[in-house]
Amino acid sequence: LAILGTVACGKDETADGPLKDVSALVILQRTPPVGGMGDVLQYTAYQPGGRLTRLSPPSADGVATTLCCSQFPGFEQLDINSYDIAFDAKSIVFAGRLSASDNYSLYILTLNDLGEAAGPPTNLAIDPNYHFVQPIFVPGQRIVFMTNKNVEGDDVPQFKDEYERGETSQLGSISVMGTGLEFAPRNLSHRVNPTMMASGQVLFAEWRHLGDNNSAQLTAVNPDFSQTREIFGREGSSPCNSVFKAREVDPGRLVALCSSRDRTIQAGKILDISLGQMIGGVYHQSEALSSFRDLTPLVPGGREPSDPNVGRYYNVAPIPGDAGKNGDDLFLLVSWANGPVEDETLGAAGLYADFGIFLFDSRTGSRLPIFNDPDMWDVDPRILAPRPAPQAIEPSAPNGFSDQLALVGGLTVSRSSLGALPGEAVGVNILEGFSGEEGFMEFGLDEHEGSKYIGTARVMSDNSWAALINGNIPFHVQPIDAWGVSLRNEDIWQAVGPGDSAVCGGCHEARDEAQVIQPGVVQALAQRPVDFGEARATRGLGPVVTPGDFPLPETGSKSYSWNTDLQGALDAAKCGTCHNGDPAKMVEGKRANRQLIFTEMATMTQFTYTFDLRRSDGVGEDYGYTFGDEFIQTYSASHLGLIGYAMDLGEMGIELSGDLPRLMLATNMRESPLLRYINPSKLYPYDTSPGARRFPNMPQHPMEFSADTLAAHDNARALTPQEALIFIRIADAGNQFYGLRDRGVAGY
Amino acid sequence: MRNVMNLKKLAVAALLGVMVIGLAGTAEAGRGSNYSAIMSAINSRNADSIINELERAEKLICTRCIDPVIRLLDNEDYRIREVAAWWITRRPVTKRIVAKTAEARLRGTDPRLARNAADTLGTFQHPDAIPVLVETVGRSDFPSYVRASALQALGRIGSIHGEAAIIAGLSDTGGDARMAAVEAYMRLRGRDGAPLATLAGDSDAGVRLRVAQAAGRYRLEGARAGLEQVLLTDADPMVRRNAAWALGKIGNAASRTVLEQAAANDDISYVRSAANLSLRSIR
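Protein sequences appear in the order of chains R and A. Take the first sequence: its letter number 353 is residue 353 in this note's numbering, and every next letter is one higher. Take the second sequence: its letter number 91 is residue 91 in this note's numbering, and every next letter is one higher.
Heads up, a few of these hints could be off.
Taking beta-carbon pairs under 8 Å as the criterion, some of the chain A residues facing chain R (in silico) [said to hold, decoys possible]: (1) Ala41; (2) Gly190; (3) Ile268.
Derived list of chain R stretches under chain A, where covered just means 3 residues or more per stretch with a C-beta under 8 Å from a C-beta of chain A [stated by the list, open to error]: (4) 64-75; (5) 116-128; (6) 598-608.
Keep in mind that the hints were calculated from the coordinates and are not lab data. Think of the CB as a built atom: it goes at the ideal place given N, C-alpha and C, for glycine as much as any other residue.
Work out the full structure: start from the sequences and follow the hints.
Set out below in structure tokens:
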């Protein structure tokens, strides 16, 4: 590799190679260093001087000419984020930014018969208030792109990314004439790098962030933004945190980059991905059946600096047809840079990656140089030639119940590739996500995003469930048992457009498995599903909707706030009379307040926390836990006491000791020790008799103590079913501290 | 409840200390970050490196890192100031101290420190900072870039309690402050944009650019005449493009003539194409 990587490739070497029938390549050249690249999902980086270059023939002695746009007035400071060539190779769409004060906008460059610019590009001028990037042509004379413009309107702030800093990019589409603008329902984090598949689906990478899940994976959606499907990267299928910049080789086979989420200048190793397997002579596709081959095993899969002559790959593109094949192996067009290709190492040396264009042979691992301008990043090579248009997918049928609301549901709630549910599901909780744009920088010690409860849909006798919810919102679901406790947490956000539907066969069913939905046969769809639609102005704060035949002892709140709701329940039940931060407190011979001891290993500073469920008036002021001059976080004493050492303290350089267990486990009240103390009454059907409790005939804490003891503690009592439900909902939502009501503003 | 003590002062057994130091030296704290990595990034003076490293250090417990990061609040690169302030928002004790210092700086006389303080408070996004930021918007003794930073901070906080100062900022003598006021106004929710209409023909190209964007977003009929003038005469093609787009969003057929002129005669292709698209939308 070290030798081959430095061997130049002259015209003779490609004359009979896989590019012999290719007359020209288009290459995106950007001026290094392109500042602000950030993680693999960022999209706003700008440096003037970007251009599209035509290389003909595609060999080391080919002639490079500027295709666009320095020859046209007004484009002197242009940078280009990305581009795509039309199926007939007669036009190019690109995302261009005219200056630092401009946003990326979409431009179409028409080509003449010689593959040269026929004139200056036209601007689709969608909305200069927002970025429009990464455009691709899709069938039907349309363009799919990514944008930070919000499908919910200008007055609704776009979601923030995982760090609550950058605005997320979302899917949209428009006709090549600049009409018919449409936006996809939003993910809670970025979506980037769209590309077409022969099936007509749009493949892209999206940042999955829900609790511990924090990575980029491949997802596909129809061009009308219906029928979202996971493709690759989840369920342990990827060797890296993030998989991105995918391109289809053949149906069922992709090449993609794979890397740490950050520090690698949006470059990584190359994976050859198979999306399915032959089983019994039939080809099946599903994430569980997918597999990969690492074509560049020497390239680090993480964020560490790469070795000399190993480098990293910025783009990978298949060469179509037999010319791209080398047996089972592939010839690929790649953009590659030598050296560490790691931002900190390069930054410390005052250097930048020098990406050039190469022909990569996966059989030998060799790279044959095609083009490299040492003063520019040479990236995203594409063959300038017509290509077959993917099949057009008909727009999805409306859900039949509402043009304004999205239909969500499942045909068989208990069916999942993740294994059987650990109990009988009687309902499905639906939760809506939000992010830092609502004014919170943190949501709680477990670091789950903000979410609010939308409602609980009943599971019918045939195991189906369905509900109508607002479209365009990220949501996730949790089947619940008869006590309202989550049986499993679906740890991805989904979104469905208004009038559209997302009714799955089960959780994680195979992609090639048809789901036959027969209204009138599926019980949940036999009549209008429960309607959880809400006006934005009151969303999250309105009354809980319960189907008439599924009565619940609801709390009346959809947006649970620790300090308002959960602390209110603790106060009402007088929990703080015993659990008062006093390590010596004994109740009928039992210690009431155990302790946690945090030790910062670097400074040997120690902080001891004693269990305390009393209300804190100044959140964080008195109850934050600190090392030297620094707090870890500022939440109330009860939050720390019940959530415990939820953070990954080991990675933070903190050791934990003491005897206080974690009482509330995020998204897992079912296995939380607190559940035994609460011992909730049955909700479905509602039954408060001792025999119907979650742990039948066991006491509900503190009722195991004598009447005298309880009287001595201000008549402390057990939680009511409504109060218990608050604990269950907050735990299963991710142990959140802040709810929408903490904003002090109705709606959002 | 709180019982903070320093084990060093308690002279913990040397063996334990050695063990702990050994462990700490090999551990990579936070999400892949540590003190050395942060210092390496800071010393590189590379904005991307610093931003990435501090993001990774979001949860890092590192008291040694606090002073170096606080010093970044006075870096000349706004992106570095911003990420340093963001990192400090994760450390509430430090944040409170820095916020107090920032308030004092805004009430002082050093314009550079005041600008940096306003940027810091803007990243903190805490409404407690609104009063001092409002005061700063009224400080004519400061250069306009300080008031611009204060207006930007009010926009980031996005509270209605900053609205009066933001609207006052639309009349600032400095173009940078007026532009910041326009951007801050657009961050307020539920507004109709009316106060922006008169700025369509502002003397500052940056203001005209942003006002054209705002006029399209709010469909500001009151800005139409100014936008039509801008479309035909502005020296900046991006301003003309945005004006053409905004006129299409406003959608008044009376703009047809100027849009047709721009579509036919403008020297710049993207102005022509924006005008053409707008002509379609007002048919």
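Hint by hint, here is what the structure shows:
| no. | hint | verdict |
| --- | --- | --- |
| 1 | Ala41 | holds (6 Å) |
| 2 | Gly190 | holds (6 Å) |
| 3 | Ile268 | holds (4 Å) |
| 4 | 64-75 | holds (count 3) |
| 5 | 116-128 | holds (count 9) |
| 6 | 598-608 | holds (count 10) |
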